[in-house]
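Protein chains in written order, with the working numbering: chain A, 1 to 183; chain B, 184 to 705.
If you are wondering where the hints come from, they were derived from the structure by calculation, not from laboratory data. Every value quoted in this text rests on a predicted model; they were computed, and no experiment measured them. Glycine included, each C-beta is placed from N, C-alpha and C at the ideal position. Mixed in with the good hints, there may be bad ones.
[Stated by the list, open to error] Computed list of lysine to aspartate or glutamate pairs in DMTMM-like fashion (alpha-carbon distance at most 20 angstroms, straight line): (1) A:K78 with A:D45; (2) A:K78 with B:D301; (3) B:K330 with A:E34; (4) A:K78 with B:D295.
[To be verified] For each label pair, taking beta carbons as the anchor points, the in silico distance ranges come out as: (5) B:Q343 with A:D45: 28 to 36 angstroms; (6) A:Q110 with B:H193: 32 to 40 angstroms; (7) B:V332 with A:D45: 22 to 30 angstroms; (8) A:R134 with B:I248: 34 to 42 angstroms; (9) B:Q345 with A:M11: 53 to 61 angstroms; (10) A:Q110 with B:E281: 35 to 43 angstroms; (11) A:H28 with B:Q220: 48 to 56 angstroms; (12) A:E158 with B:I248: 49 to 57 angstroms.
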Amino acid sequence: MYGLINSALRMMMCEQYGQEIWDDIMTHAQLSEEHFFVMKSYPDDITHNIVQAATTILDISPTELLRKFGHYWVGYTKTAGYQEIMNMCGDNLVDFLGSLDDLHTRLGVQFPAFRPPSFDCDQVGHHTVELHYRSTRQGLAPMVEGLIEGLGDRFDTEVEITQIADRAQGDECDTFLIHYTTD
Amino acid sequence: MDQLPLPQFHLSAELLVQLFPFHLALNHQLQIVQVGQALDRIYPHPLRGRLFADHFSINRPRMSISIEDFLKKRQSLFLLESRDLSLVLKGQMMDLLESGIFLFLCSPSAIDAQKLTDAGIQLKDFPLHDVTPDLVFLQQTTQMSVKQVETLNQQLIASQEQLKDALSIQEHLRFKAEKQARQLEQQLKELKETQIQLVQAEKMSTLGQMISGIVHEINNPLHFIHGNLDHCLNYAQSLLEACQILLKASPRAREWHEIFHANSSSSENWLNEATLGSDPEDQNIDVDHSLDDAVALASLDLENLAFALDDFPKVLQSMRIGSQRIREIVEGLRQFSRLDASALDWFDIHEGIDNTLMILRSRLTRAKVSSNIEIIRNYGNVPLISCYGGQINQVFMNILANAIDALEDHNQACELPARSGTKRELPKIWIETGLINSGWLRISIRDNGCGMPRDIQSKMFEPFFTTKSAHRGTGLGMSISYKIVTERHGGRLRCLSEPCQGTEFVIELPIEPAQLQGKSAV
């Protein structure tokens, strides 16, 4: 994972739980890094250890933590310098979800060690889309769910998300049925 | 292997619009005839049919807007700036000769995402083959990294400043600490010197008390001896006169006298010179006369002679007792000061107490009280203890002198009631010794003086604390005593007192201290 992810985790923990909790998490994860460089690729184990330690210290499930992180990620990318790029990706939820795959493809060009996930977005109803998520990493589907919620907030769109396919259950990919309502 | 011929195909206008969504097509009148779909969408008004020069300027290459220059510069990289939007297009000018059209294939030159979004350009406006969005991403990522580096740099600068401040403070503190250390060292030196002076003053004070007592103790037998010397001389004179008469009356005795006189004539006979004054020959005593005649002739006072014969041995005996007393005092004094015992030695505490009392006896008998202070000793069967005897004696001296002071003060305080006839308890000091267990002994010195309240007791062993007037001590006596008992001997010293109930000092000492402190000057 690139340092951008770990930086976002740190920022979320400090903002929502405080610096002391973050210090505890780092101690529990047996990590000593004070800063994660956004352009540096770190072993996935570091991110896993942080998540594992955070679930222990905060006494929440990994699913809940990743969902919260996905939600937080949308806001974080704005503050971290990707605001304009996010703006270029569309001015509504469906356009944005539609450009999500291209966005990750282009990020993959920028970050050579990045193994970007892929997203297919199909309009399946008047206010319903299906988002198919594929990744070489396991267990990050809850983060995608939080990401969709965050995007709903970003575009003032109410979303109702149902996971209709689960890779952990043997499906080919994780699929989310998203029903959205705009004012 | 022959190359396959290139397939013949034409790019449709629709496909061109999709592939180059920002392109422009100009005719030879330099009129815009076609616009890419993205450029068309973002532009505030339609460009078709407008003159190119009205809406665009050419930043690069340097050229005029003319057909000739377009043809001449067609291999150049063109930068067109919109006159209506904040937008620069970068691309190449192509001359489609057969159709008389100049085709400008381009993309926005900006890689600043903010400028693109300000111009209303979205990611989907770019064809997928266009690398501009990648450059935009790269620019954003670079900016983000630069921003992070700047943040870290600022943090580093702040940390350096903090470190600099901390080092400065540390240096200041070090300097201050060194200065304080020097001051403390100087003060400690001065304090030690003062302490030595005060301890010396306390010793002198104790010595003063001792000398006063010793002088008194020695004076009594000395006066006695001196007073008896005149009697002795008188007695001796009477006896010598009798002997002279005996010599004259007895030829045999005269022979012995002449032999003795001849041998010692050159030596001084102070008794003869001092007491007889002259030779018996000068007194016209006839040696042939009988002894009675001689006695009568010499007018010898037989009554005096008889008294001298009776009293002289008694006087000598009493002088011997007096000198013996002086000897005992000197020995007691030597034992008290134990000048020869600066190291640990076996010590008889009873002997120490008795010697101290001997030195203080004048104060006990001359005490400014209505009657002598009675000493009640109740000595237990205690062994010798290993200690610094001279210092333990110093403790006894301080406590007993304080007890006498307390009894004197109590007497003065109670003088009025005494005169009024109220019966008052006679001043007493009880001294008790005994074993606490096989390893410790206890010495109690108690008086029936005025006692003291608790607040004074709590300060009793503090240096320089005294309730006495300035000329009656330095205020160090009890402090030094406490130090001697606790630090030098590992013992305990307690004060038990109540106002009007007297005061008791309890000294508890190990018989053989396991671990003693160094021999610091006390």
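* Asked: Quick check: which numbered hints come out false for this structure?
  -> 1, 8 and 9
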